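Let the sequences and hints guide you as you build the complete structure.
If you want the building blocks of each chain, they are given just below.
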Amino acid sequence: MNVSIGWISALLGRAVDPDDAAARLTMLGAPVESVERIHHDLEGVVIALVESVERHPDADRLTVCRVHDGTVTRDVVCGATNVVAGRKYPYAPVDTVLPGGFKLEARKIRGVLSNGMLCSPRELGLGEDHEGIMELETDAAPGTPFLEALPVADVRLEVEVTANRPDLLCHKGVARELAAVYAVPVKLPPIPNAPDDIAAPRRVTKKGTVGGIEVVIDDVDGCPRYMAAVVRGVRIGPSPDWLQARLRSVGARPINNVVDATNYVLHELNQPMHAFDLKLLGGAKIVVRRAVAGERVVTLDGEARDLTADMTMICDAKQVTAIAGVMGGAESEVTERTTDVLLECAYFDPKRIRTTRQALKMSTEASYRFERGIDIEGMPDALRRAIALIRAVAGGQEPEPALDVYPKPRKQKSVFVRPSRVAHLLGVPLSRDEIEASLVRLGFPVAPKDDRLHVQIPGWRPDVTREVDLIEEVARLRGYDSFPSESRPLRPSVVPTDPNVARQARLERAFTGLGLYQARSLSLTGSGGSDAFRVQNPLSAEDAYLRRDLLSGLTRSVERNWAVRERDVRLFEIGTVFRDTGGPLPEETTRVAAVVTGARVPAHWTGSGKAPDFDRWDIKALFETAVRSICPEGTIESTADGWKFTETDGTVRGWAGALEADRPAWAAVLFGFELETGDAAPPATTFVPLPTTPPVERDLALVLPPGVTAAAVEGVIRDAAGALLAELAVFDEYRGSEMAGRSVAWRLVFRAPDRTLRDTEADTALAKVLASLKERLGVERREA
Amino acid sequence: MTTPPHAQEELDLIAQTVDRVSTADAAVLAELRTEVLGRKAGKLTLILRSLGSLPPEQRRLLGARANQIKQALETAIAERERVLQDDTRRTVDVDGTMPARHAWRGARHPVLAVVDEICEIFKELGFTRVSGPEAETEDYNFTKLNMPLDHPAADEHDTFYLGPGALLRTHTSPVQARVMEQYQPPIRIVVPGRVYRRDAFDPSHSPVFEQIEGLAVDEGISFVDFKAGIDYFVKRFFSPDTVVRFRPSFFPFTEPSAEVDVQCQMCKGSGCATCKQTGYLEIMGAGMVHPAVFENCGIDPERYTGYAFGMGPDRITMLRHGIPDIRLLFENDMRFLSQFVS
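Residue numbers (this note's numbering), protein chains in the order written: chain E, 248 to 1031; chain V, 3 to 344.
Read the hints as simulated data drawn from the structure, not as lab findings. Among the hints, erroneous ones may be present.
Capping the alpha-carbon separation at 20 Å, the derived lysine to any residue pairs in SDA-like fashion look like this [as the list claims (entries may be wrong)]:
1) Lys-598(E) <-> Val-467(E)
2) Lys-278(V) <-> Asn-249(E)
3) Lys-598(E) <-> Ala-156(V)
4) Lys-125(V) <-> Leu-737(E)
Since the model is a prediction, treat every value here as computed from it, not as a measurement.
The structure is reproduced here in structure tokens:
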């Protein structure tokens, strides 16, 4: 919302400092995003009287003007054709810097010295016209600064208005806020040449006529109040300078005097209005009704719009002329030929406008305001202001007072406030008087009622519906920064911490400790899979599905790293994946995944700058780390392409192995794993007494025939060795052409917890192991 | 072989060489060793060898002395050799400026580290950490939070829909409602999590980002407690001298509502590009829980009051580290992530 400080000053009847106003509004809840000085760059321009206009001796299209600037008269060469002797124009003398940074110099044009320039509206930044010099209707004496004669210099605040405050979408509303802090009244500025005899609109309940036009509200839900006025005999033309300046000050483009008048009222009072050319209305009738499905209308922007029965329309006797509260129709638009206008001043239901403009995929100044709720009580004043303004700037007469169709007048809203509740919620003692005074200053009439305050809610504050809203008003005016910030005793939360937090923290510690970086990928992807959940309204095909797994995203991240020639990539991610299980919402599961590729350790000069790459045994280790962290009793199984983790109920919860990827020739193999984090509790660690007796070690190299796994061998060894076996570990594997299968070597550590074990006892155990291995697996000791 | 004429004096001289050992360098040490202990012509070796021809009395006396000296000398030489060897390792052969042998170092994602840091600070104020589903219903995401879809305030939440009434949560606030339906106060929770807005991926927007919601509900929690809680967090997270500003604002689920600004960390309030010349940076939306939200969740709004807040760890991380583009927080570029090793 653009706010003109000049306009606000006029409403408050005093000069307002822009920076102070900006700071106050920000701290009242309407943050000011910028403070822009406009047209201050016209300071050097003055009013000059053109004494004579003669043809340039050497150029047909140029004239030489004798220009009097109040002190001296100079020659100025001019290319425009509209300059007339005896009239006044904006004149930029030599050395003036015009908008855009153009500095004027005295220079010869076709042999005639030109001293400065007579300016067009565009050169002054005051319009589009570049053909003619700007014509001025002014009594100001030559030499008067242009900005004094035409007060276009202003300061524009860009104010962010929250969705609950439609009242701040106009100057009167912003002025009200400032009036509350400056403690001054708000008064509408007088309109030059305006009649002061505009009658109050005539209230009717269902229908009525104005200027011979019958007005009927058929759709009272969509349009609770509709006011219309007829002004005959207007002369359409440009608005006076002051009105154009006002509109420009808020960034609006002047169009013609009637349209400008309605726009002025929009920006001053937040009342959108529409002016119809009375002669272009089909029949002497206005009907406000629901659209019929299949109806169409061509709106002012030239677009044909398809209507539905959920929309409210303004119709004449024959057809739809406007989409209520959104946009007028092209048929009855005000043009240069218009002489009689019908002025519409209505209240449309916010929800109706919202669904309509959403369905039509359009938003206008009017719909934006109706959607947030305009001041239904302020309509009669807004309409009278508009009529006065039109008559002042475009002439014309009202044949009879305006019509006000208001089938079910709304009751004045009011809310009770308990001063004790105000103090309770805000945490500071606040007197009843202080509360009352704050509310009154903000425009809420207050009357005492037992130990409460009875507060009337003005029509411009549709957001205020209950006590707490008024408590906010009190706090807001007092200033949030005025409240202390002191800690008071508190009770601990009854809500337990999510156990996932600790589970994820364990994984995060483990993997960052192992040299992996925590990744974070978007959870929307382009590829589905049969049970991927689809987003109904994706931004593009690339994010049409919720991710089904983490490894796909991590693989893409690795490819991106490869693309910037990063060979060593180590990432892990913990996040939610989604699955379509046929229900309205996807099933959500938390998973952990990791990918590694490239050097297993940083290359070091002691190893001649070479380090081995990650291999399958590294990813198995990472996978085991994750499985142990989330399911201490869990074991992983070897599969054809890697490993998997299966829970006791048989469901596969995780997988590890080599990954397919778009891999450059220089990159290493990519390995990864992914695992559901599940809901297991962290393991409780029980202390095991440290051994006090010496161990006896035995190495055992075995020949494993094809098909016999290390896990199977270990099972038999443990079984056969009994309680004396304290540790068991593979330390070598050998494959040679001379043997079928392979040789795997284990180190066995025997220990008796209560005594020193004798060698013979270890040997006896070993013999049992060998016997058992031969019998159960056909595994024998490798011959030296 | 005869007894040296003055064996006693000779031994006295040899004993003195022990003192020279402690300052000898490697060459001198080798010389000394040969001179005194040399197997063929070492002075002490010769004396010891000659002992056999002496009368028993003299042999015993001289022998004891000679062996004592030999032992002392050998100990001193061994000690000196050790010292010299250490010196050699330090100063002669090894260049200590050569690079060390490191293991790979990993790191938390900067945004998720910030999330943890924020939650830890609120833990000091008695807040527990909870979570909720990312796929939600309109009811929890909007309606229960006093945020009807037919109100323009809903426009700020451009939503990804999953089906009729089903969506990807646009904020972590639905968890407020879920927790309040399940527990009666005192409730103090922080809720970090992923949220979704239908925004194209560009330098300052991401369709997916992190949010942290907070909620404190109990008897007698007032606006003053709210300010104190937020103030405590800001000063702990940024620095004790951080200037905090509370500004009225509008959120459907809080009343009174506030936007919390901190003085710009870049320019210290004088105005710069980061804070768009305002001197302040918005870091969270907050306020007193709206009584309608309590009513929707089965909590008595007359008996209980409370405050709620929401903030964006992505933005806070970007401010803290001077990261210009939010997409860097999702690309998992090793050159980026490795900058956050702590």
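Handout entry: 20 Å limit on alpha-carbon distance, applied to hinted pair Lys-598(E) and Val-467(E)
Key = Since the Cα atoms of Lys-598(E) and Val-467(E) sit roughly 13 Å apart, the hinted pair holds (cutoff 20 Å).
Handout entry: Pair hint outcome, Lys-598(E) versus Ala-156(V) [Cα-Cα no greater than 20 Å]
Key = holds (12 Å)
Practice task
Decide if the proposed pair is consistent with the structure: Lys-125(V) and Leu-737(E), CA atoms, cutoff 20 Å inclusive.
Solution key: Distance ~13 Å between Lys-125(V) and Leu-737(E) Cα, so the pair holds.
Problem - Pair hint Lys-278(V) and Asn-249(E), alpha-carbon separation not exceeding 20 Å - result: holds (18 Å)
When held up to the earlier numbered hints, the structure conflicts with none and fits them all.
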